[in-house]
Amino acid sequence: MSQADLAVVETAAVRPNPLWSLGLLRSELVTTFRRWRTLVLLGVLAAVPILVGVSVRIETRGGGQAGRGGGEGPAFIAEVTNNGLFLVFTALAATLPFFLPMAVGVVAGDAVAGEADAGTLRYLLVAPAGRTRLLLAKYATTMAFCLVATLVVAASALAVGALLFPLGDLTTISGTRISFADGLGRALLIALVVAVSLAGIAALGLFVSTLTNSGIAAMATTVGLLITVQILDQIPQLHALQPYFFSHYWLSFADLMRDPVYWDDLVKNLELQALYTAVFGSAAWARFTTRDITA
Amino acid sequence: MAPYESDDSTGAAQADDELRAELRTERRRKAARYVVPVAVVGVAAATIGLVPALADSGDPNLPKITAQELIDKIAKSDVQQLSGTVKVSTDLGLPDLGGLESSLLSGATQGSGDGSSADPTSKLTELASGTHTLRVAADGPEKQKVSVLESGAEYSLIHNGTDVWGYDSKSNEVYHSTAADSGKAEQHETPATPKDFADEVLKSVDDTTSVTVDGTAQVAGRDAYRLVIKPKQSGTTVGAISIAVDAKTGTPLKFTLTPSSGGAAVVDAGYTQVSFAKPAASTFDFTPPKGAKVTEGDKAGKDSKTDGSDKGGKASETPGHGSAKGLDKSGFDVLGKDWNSIAVLDTGSKAGLPTGSASGGGDLSGFLGSLGDPVSGKFGKGTVFSTRLINALITDNGKVYVGAVDKAALLKAANAG
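These protein sequences, in sequence, are chains A and B. Here the first sequence stands for residues 32 to 326, where the numbers follow the working numbering. Here the second sequence stands for residues 5 to 421, where the numbers follow the working numbering.
In short, the hints are calculated from the structure, not lab data. Every value quoted in this text rests on a predicted model; they were computed, and no experiment measured them. Don't take each hint at face value.
[Stated by the list, open to error] Which chain A residues stay away from chain B? Per the calculated CB distances, all over 12 Å, these:
(1) 56
(2) 61
(3) 71
(4) 75
(5) 85
(6) 151
(7) 160
(8) 164
(9) 182
(10) 215
(11) 223
(12) 227
(13) 285
[Claimed, not checked] For lysine-lysine, the following DSBU-like pairs were computed, each having C-alpha atoms within a straight-line distance of at most 35 Å:
(14) B/411 to B/234
(15) B/294 to B/91
(16) B/234 to B/416
(17) B/411 to B/91
(18) A/299 to B/282
(19) B/34 to A/299
(20) B/68 to B/234
(21) B/236 to B/385
(22) B/252 to A/299
(23) A/299 to B/294
(24) B/411 to A/299
(25) B/234 to B/385
(26) B/68 to B/80
(27) B/77 to B/91
(28) B/382 to B/234
(29) B/77 to B/236
(30) B/91 to A/299
(31) B/252 to B/91
[Claimed, not checked] Pulled from the structure, derived: some chain A residues nowhere near chain B, Cβ distances all over 10 Å:
(32) 81
(33) 159
(34) 212
(35) 248
(36) 271
C-beta: ideal position from N, C-alpha, C; glycine also.
One chain only, chain B, in its complex shape:
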């Protein structure tokens, strides 16, 4: 028996070894299949990471140009027909109030308007914060269209001849006004395209400003020069403004405003796609859809003109609006000049926080007070509200100082005034 036994055991051991080796290769073969999904993930990750880097083929080579020539180019630019997609990001560094902020804003505008959600003034204020995708189309001075893309909805502002239509597809409401000039005024109330921003800035260029051409860039697949505008004065919160200008047409394609404190841009508006072909005529045709609620804006248009001063105050929060210019017109006192302009508004109220008293909410003023820093000086006591671009000082005797300047400059102005 013994020999058989030993024979058996060696045989069994051999078979065992073979079986084990087979199992091992089998297991390795099985494991190898999982390489496929892992490889797919790897390739996808590499594509996501690398393609933007590869697509960035570096700055284009363009003939040298002086800043003056470039500004002339913008001024002479005669682009009548254009369509494209604009991405606007604004980061004012406002405290994150979530929905409260927009409800305050819309509450403020709806109070003066008629409450129609298609009213351009209430809609375009929303652009003052966050990231938005806009579509613009223009065909001569008579036909323009701006659409704000929302999730599953869109807000369109269409100017065609003498008609100005606002259409909010989410609530199916229409706003209509017929006066052509008021339409234009409304379109420019909130700058949306890079050209609007650039125009506002170039108006204020003078000896307190350095303007240089800083190389080239590629924007929306087009070669562009980069115009950099920097304030020479100190005390302003504006760090630099960079405008990418299309080399062929002289159209501003991208506008970036960086604060002097550094960090991300306060305003970044640029085309992600642009075409200088004539947009389809149907783009500018608008007939109110059946059953839509139409608000005639003629009366509202006048309203919005009278509260233009009101808007001016708000627009100073809207960056790039030429803060000083906007306030100039509405009859505020302006201290300092150019970049360091500070608008002074005497509300006459002793309440300290006019926003609170205007809304009639004591809670609100208390709440707003908690957002600001209490300060004191020769002017008495007050509160400073800071954003990354605009600072405002509201004193307890009802004076408001607003400007794109730092806190120290604001206090100095208040002490002097």
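Next comes chain A alone, as it looks inside the complex:
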């Protein structure tokens, strides 16, 4: 390669075409959502509301009521028989502690380490997009997966709820009544809040993914961290630390079903997710832009 050629490559690497990042993002999205693994994960997530809905339906066929005996089980399950829309909230409350973040952990952990594992990472970097842009595209793809996964759960729950149970005006947990359209709006808002709640673990997974060349190791570490934090969040002696765990305010989305909405914990959740994204996003950037890519 002559000097002139090298100079061309250099400038291209320094100042890439802005369209490059969009193209990169599109190709990342297509690759991620075309993977069998991703589709299977989404299928499993869609199956959870079906499972919950059918079991509540079977249990209450004799005219009984779900959640009798002190309201055990995920939040809102007692209301599901009377209004199918509550299945959306129940399904999100059931999947948010484990299924959803696990799926996100798999996708985020695989993002960089998976490419390194398959030996495709250096080919991605040959394209003059720059490492920072590649990382941003990876994070944006992971967040898109968070949103799609949450919406898949919500949509599947809504469909199952509409099929098995009546729909109509609903009673908020504060005892006031809101119209079905209002309830649907709140359901959408809740799905968005749940998707954003996963931003923290997505950034954490991406950081772990930049540390290793083994996709499996990154996924296992991310999911392991998730389980560890969930367990630590249950230990009363650690209550001083718990407000800083990324999963601590996850179930605060239920506060959107109060009337008026109780914002305190919701805001804390969003702040916490922003903090985790900033810390682990920049850590991932520091690691990924300085490491030697050998695979």
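Given chain A, work out where chain B should sit, using these hints.
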């Protein structure tokens, strides 16, 4: 060959040095990037640490006021419309029994009631321990609402005209009673808002009590005076009661009861957010959701009236309930006066621990016995149960002495009685 060799080696050494220097700067450049996440953590930690300190802009400047004027202000306060969030923390220093404690409490109340989880008596007893977030709304004497926020659920008690509704969203159960006065009585059975607490305390203010205005404070973003009430008598476990009173409306905004033994407050109830605007009318509308189990409370309401005496005994454990007053009404003997009042209850049973015999569990009485201190005196033998506010002496001949007094005062009363 030799010159070439030496030439080569110096060249190589030079290149080596250059390479090493380059690597070093490269490494430093790489390390510098990690400063970013560390800085983010630092900024976040500083924000968490400093913002509350900065937001605390010091006590507001308000015109001086005497304690009497302030009490008048509270009495004259005519706030009809209000909504806000209240945080109630109670730390009675009960032994940490975990779930057992609440199951004992709810077991006791459910035994007399109908077992509906939406029954206000069983729900509000839960407020007696731990930290709870409540939402209150009021629009005149006809419309009130109190909600206890739980994780993913809420318990609401709504009084609207002649209807009193209790709604437990966790189990989707509804409690309904129609008698307006019984509704009011129920609402006041367990004080929840700072005003309820303050009313109870101000009722008992007399010459055995010192009442002073101790500066100002900011509560829920509003300027407030601090009223401090201290018992003059010795022997009581009550250290001081501090009430923050809104300077504009005269509404008590925060209530704190500290024990004479020091340490954290036994009761701390205060608004974290308050508004004196008219709450939306829909707040007080309630129709039972389809499929919810509705318990009609008319009969249960009478029940709860008859077991009001029962509740009185329990309410003495509920702090700030005007321990002596509550017991007075229910026909217990009261020894001493004011702060040093001791309620005496003769259960007539020789079992010693009436709680145990009432529940019919010998194991339970043994278990409770292990929580108390055995004592003896002229009255015979007994067991003292201590919390940070209320002490109780249960003698072996079935007498129970309860009061917000220390152990010595309790023993003295028992010896005299």
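Original post:
Looking at residue 81 of chain A again, its CB stays over 10 Å from all of chain B?
Top reply: Holds, since 22 Å exceeds 10 Å.
Original post:
Is it the case that residue 85 of chain A keeps its Cβ farther than 12 Å from each residue Cβ in chain B?
Top reply: Holds: least Cβ distance 18 Å, greater than 12 Å.
Subject >> Restraint check for residue 68 of chain B with residue 80 of chain B, where alpha carbons must lie at most 35 Å apart >> reply: The hint holds at about 18 Å.
**OP:** Test the statement that residue 212 of chain A is away from the interface with chain B: the closest C-beta pair must be farther apart than 10 Å.
**Re:** Given that every Cβ of chain B is farther than 10 Å from that of residue 212 of chain A, nearest at about 16 Å, it holds.
**OP:** Verify the proposed pairing of residue 382 of chain B with residue 234 of chain B, using a straight-line Cα cut of 35 Å.
**Re:** Since the Cα atoms of residue 382 of chain B and residue 234 of chain B sit roughly 32 Å apart, the hinted pair holds (cutoff 35 Å).
Original post:
Against chain B, does residue 248 of chain A keep a CB gap of more than 10 Å to every residue?
Top reply: It holds; residue 248 of chain A is separated from chain B by about 21 Å at its closest Cβ, greater than 10 Å.
Subject >> 35 Å limit on alpha-carbon distance, applied to hinted pair residue 299 of chain A and residue 282 of chain B >> reply: holds, 28 Å
**OP:** Verify the proposed pairing of residue 77 of chain B with residue 91 of chain B, using a straight-line Cα cut of 35 Å.
**Re:** holds, 24 Å
Original post:
Hey, residue 252 of chain B versus residue 299 of chain A, does the alpha-carbon distance stay inside 35 Å?
Top reply: At roughly 31 Å apart (the allowed maximum being 35 Å), residue 299 of chain A and residue 252 of chain B satisfy the hint.
Original post:
Are the Cα atoms of residue 294 of chain B and residue 91 of chain B separated by 35 Å or less?
Top reply: Judged against 35 Å, a Cα distance of about 32 Å means the pair holds.
Subject >> Interface exclusion of residue 164 of chain A relative to chain B, criterion Cβ beyond 12 Å >> reply: holds, 16 Å
Original post:
Does the claim that residue 159 of chain A lies off the interface hold, with its Cβ farther than 10 Å from every Cβ of chain B?
Top reply: Per Cβ check, residue 159 of chain A is outside 10 Å of chain B; nearest 21 Å; holds.
The structure is inconsistent with the numbered hints 13 and 24, although it conforms to all the rest.
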